[in-house]
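Number of protein chains: 2
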Amino acid sequence: MSERRTKKANGQWALADFKVGVDNVIFSVDTEQNRLLVLLVMRDKAPFLHYWSLPGTLVREGESLENAAYRMLAEKIRAKNLYLEQLYTFGGPRRDPRESAESYGDRYLSVSYFALVRFAEAELVADGVSGIAWYPMSQLPDLAFDHAEILQYGYRRLRNKLEYSPIAFEVLPELFTLGDLYQLYTTVLGEGFADYSNFRSRLLKLGFLKDTGVKVTRGAGRPAALYRFDAEAFAPLKDKPLVFV
Amino acid sequence: MSERRTKKANGQWALADFKVGVDNVIFSVDTEQNRLLVLLVMRDKAPFLHYWSLPGTLVREGESLENAAYRMLAEKIRAKNLYLEQLYTFGGPRRDPRESAESYGDRYLSVSYFALVRFAEAELVADGVSGIAWYPMSQLPDLAFDHAEILQYGYRRLRNKLEYSPIAFEVLPELFTLGDLYQLYTTVLGEGFADYSNFRSRLLKLGFLKDTGVKVTRGAGRPAALYRFDAEAFAPLKDKPLVFV
DNA sequence: GCAAAAGTGTTCACGCTACACCCATGC
DNA sequence: GCATGGGTGTAGCGTGAACACTTTTGC
Numbered sequence: 001m002s003e004r005r006t007k008k009a010n011g012q013w014a015l016a017d018f019k020v021g022v023d024n025v026i027f028s029v030d031t032e033q034n035r036l037l038v039l040l041v042m043r044d045k046a047p048f049l050h051y052w053s054l055p056g057t058l059v060r061e062g063e064s065l066e067n068a069a070y071r072m073l074a075e076k077i078r079a080k081n082l083y084l085e086q087l088y089t090f091g092g093p094r095r096d097p098r099e100s101a102e103s104y105g106d107r108y109l110s111v112s113y114f115a116l117v118r119f120a121e122a123e124l125v126a127d128g129v130s131g132i133a134w135y136p137m138s139q140l141p142d143l144a145f146d147h148a149e150i151l152q153y154g155y156r157r158l159r160n161k162l163e164y165s166p167i168a169f170e171v172l173p174e175l176f177t178l179g180d181l182y183q184l185y186t187t188v189l190g191e192g193f194a195d196y197s198n199f200r201s202r203l204l205k206l207g208f209l210k211d212t213g214v215k216v217t218r219g220a221g222r223p224a225a226l227y228r229f230d231a232e233a234f235a236p237l238k239d240k241p242l243v244f245v
Numbered sequence: 001m002s003e004r005r006t007k008k009a010n011g012q013w014a015l016a017d018f019k020v021g022v023d024n025v026i027f028s029v030d031t032e033q034n035r036l037l038v039l040l041v042m043r044d045k046a047p048f049l050h051y052w053s054l055p056g057t058l059v060r061e062g063e064s065l066e067n068a069a070y071r072m073l074a075e076k077i078r079a080k081n082l083y084l085e086q087l088y089t090f091g092g093p094r095r096d097p098r099e100s101a102e103s104y105g106d107r108y109l110s111v112s113y114f115a116l117v118r119f120a121e122a123e124l125v126a127d128g129v130s131g132i133a134w135y136p137m138s139q140l141p142d143l144a145f146d147h148a149e150i151l152q153y154g155y156r157r158l159r160n161k162l163e164y165s166p167i168a169f170e171v172l173p174e175l176f177t178l179g180d181l182y183q184l185y186t187t188v189l190g191e192g193f194a195d196y197s198n199f200r201s202r203l204l205k206l207g208f209l210k211d212t213g214v215k216v217t218r219g220a221g222r223p224a225a226l227y228r229f230d231a232e233a234f235a236p237l238k239d240k241p242l243v244f245v
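Protein chains in written order, with the working numbering: chain L, 1 to 245; chain G, 1 to 245.
These are calculated hints, taken from the structure and not from any lab test.
Hints should not be assumed to be uniformly reliable.
Computed footprint of chain G on chain L; a stretch qualifies when at least three of its residues, placed anywhere within it, have a C-beta under 8 Å from a C-beta of chain G [to be verified]:
1. 33–40
2. 58–64
3. 86–93
The C-beta atom is built at its ideal place from N, Cα and C for all residues, glycine as well.
Turn these sequences into a full structure, and let the hints steer you where they fit.
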C-alpha cells in the first residue's frame, strides 16, 4: 500500500484539494407489488456515461452538506414526506476517474445520505435529458463509481434501522394495514422472525398505532383495519430500546 | 436560513472548494481510577490558539481518510492495540473561522473518527510544542471549533456500541477481572442496568471470556479471576444480535 | 471476628414462540 | 361452501431481575 506523496518546497506536506459530492441512497417500497426500490439516475456525461448511478450532486459555495442532499432530492422527486440521514463518507483517492492519477488535481469525496420516501406520494421529476427510475433491489444494474458499495451500505442501514426505529412508517402510505406493515418487514428482512400474529400483537401493545376504524378489503379475505402511525404516542418511546423485529 | 450563492458567468453554480480534515475522538479508560478519558491536544496556532481540541489533521495528497486518521493517531500516541471507525462528517459552511465569510475561499470539512485504546499500553508522544492530555469526560474544558459537538456524538456512539459490541475489550487491559468489566460498564453507562451477579452470569454464558486461572487480589475481599477476551470464540457471534447491557 | 469483594444459586414474573382457532369477505 | 386473509387467544418455555447466600481474602 505505497502511496505517492509530495512534499512542498517549504517542507510542508501538500494538502489534497477536494470537491465534495453528496450521493443519496433513496429507498421506497411499492406496497402493491411488495418490492423494495432504490432511485437511480442515468448519467448523461463522462465518466461512466450511460451508467446508472445514485442521484448525487456537488456541494456549492455556501451550501451545507445536508442542504445539498435536500436540493438534489427536490430536483429528482416531488415528495411530501421525507426522511433523511447521513450515511457514510467515502473518500479514498482514485475513487473517481476524474482524479487523474498523474496530476494530483482535485479529489472527489462522497458524503452519502440515506433517504426514505413514500412511493405513492413520490412523483419523479422527468427532466427529459437523463433517465430516472425506481429499481427493485433484486434487479440492480451495474452502477457507476463505487456506488454499488454505497448502496450496500445503505441497505444494511435500512435493515438495521427497521429493527429498532419507526422508519417503516416513512415508506408506508399514511394509512396502512398491519398486513402491509408485516409484508414490508418480510420483504426487507427476509422470513427469519416472528409470525404475523405475534408481530401484530407486539406492535399493537406498543401503543403508537392508531386504528382509524376504516376497513379496507383487497381481493379475498376478511377486510383489514387501516392504521396510522401516531407520532405523539411514539415520542416517549424515542431512544428507548425498542424491538419491532 | 438564507445562504449566499454565487453563479458563475457561464451560468453554472460555483462549487465549493474543500480542505478535508480528520478529527479523532479517542477514548480510553483508566481502570484504576474508573474514569472515562478523551485525548485532547492544545492548539498552538490560530484560530482557537491555546484552546483544547480533538487531535486532527488535514488530509494530504494521495492519502485516504482512514490513513490520515491512523497517521494522526501515530503522531500522538504509541499504542499497541487500536480500534478505529468512522463517526460522522461535519461540513456546514462557517464551521471554521478560516473560511472567511467574504471571500468564499476553501471550506473546511471534518470527517470524524472514533477510536479506542488501552490506557496502560498507550504512551503519549510528547512533541514538546503543544500540550496533549487525557481528559476525564466529567471535566471537559471548552473545545475549539465544533469539537464539543463531535465529542458528544462520539460519546453517544461509545455508549451505544458498548451495549451490543465487544468494544469494551478494546479499552480494557489484556487481562481483566469481571469486576473491572462491570465497573467499565457502570462508569460509561451509569447505574441503570443489571446488578453485578446477573451481569456476570450473562457474560460468562456467552462463552467468549476465558478464565486464565490466575487470581489477583486488590485490597480487601476475595481474589478475583483474571479473564481474557477470546476473539475466536466470539467470531461466530459476530453480527448476531447480542446484549451485554 | 468482621468487613469487603468475588462468586453461586434460587425464585418469580414476564415476554416471546408456536400454534390453534374464530371472523368476514370474494367467488 | 370453501378458500383466503384478518384477527384473537392460550399454553409452555426461556430469560432476565431481584435478592439471598456462600467463599476467600485483608485487617
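Okay, the hints, checked on the actual structure:
1. For the stretch 33–40 of chain L, the assignment as covered by chain G is violated, since 0 residues bring a beta-carbon within under 8 Å of that chain's beta-carbons and 3 are needed.
2. Using a Cβ-Cβ cut-off of 8 Å, 7 residues of the stretch 58–64 of chain L lie near chain G, which meets the minimum of three, so the contact claim holds.
3. Only residues whose C-beta sits within less than 8 Å of a C-beta in chain G count toward coverage, and the stretch 86–93 of chain L has 6 of them, enough to reach three; the restraint holds.
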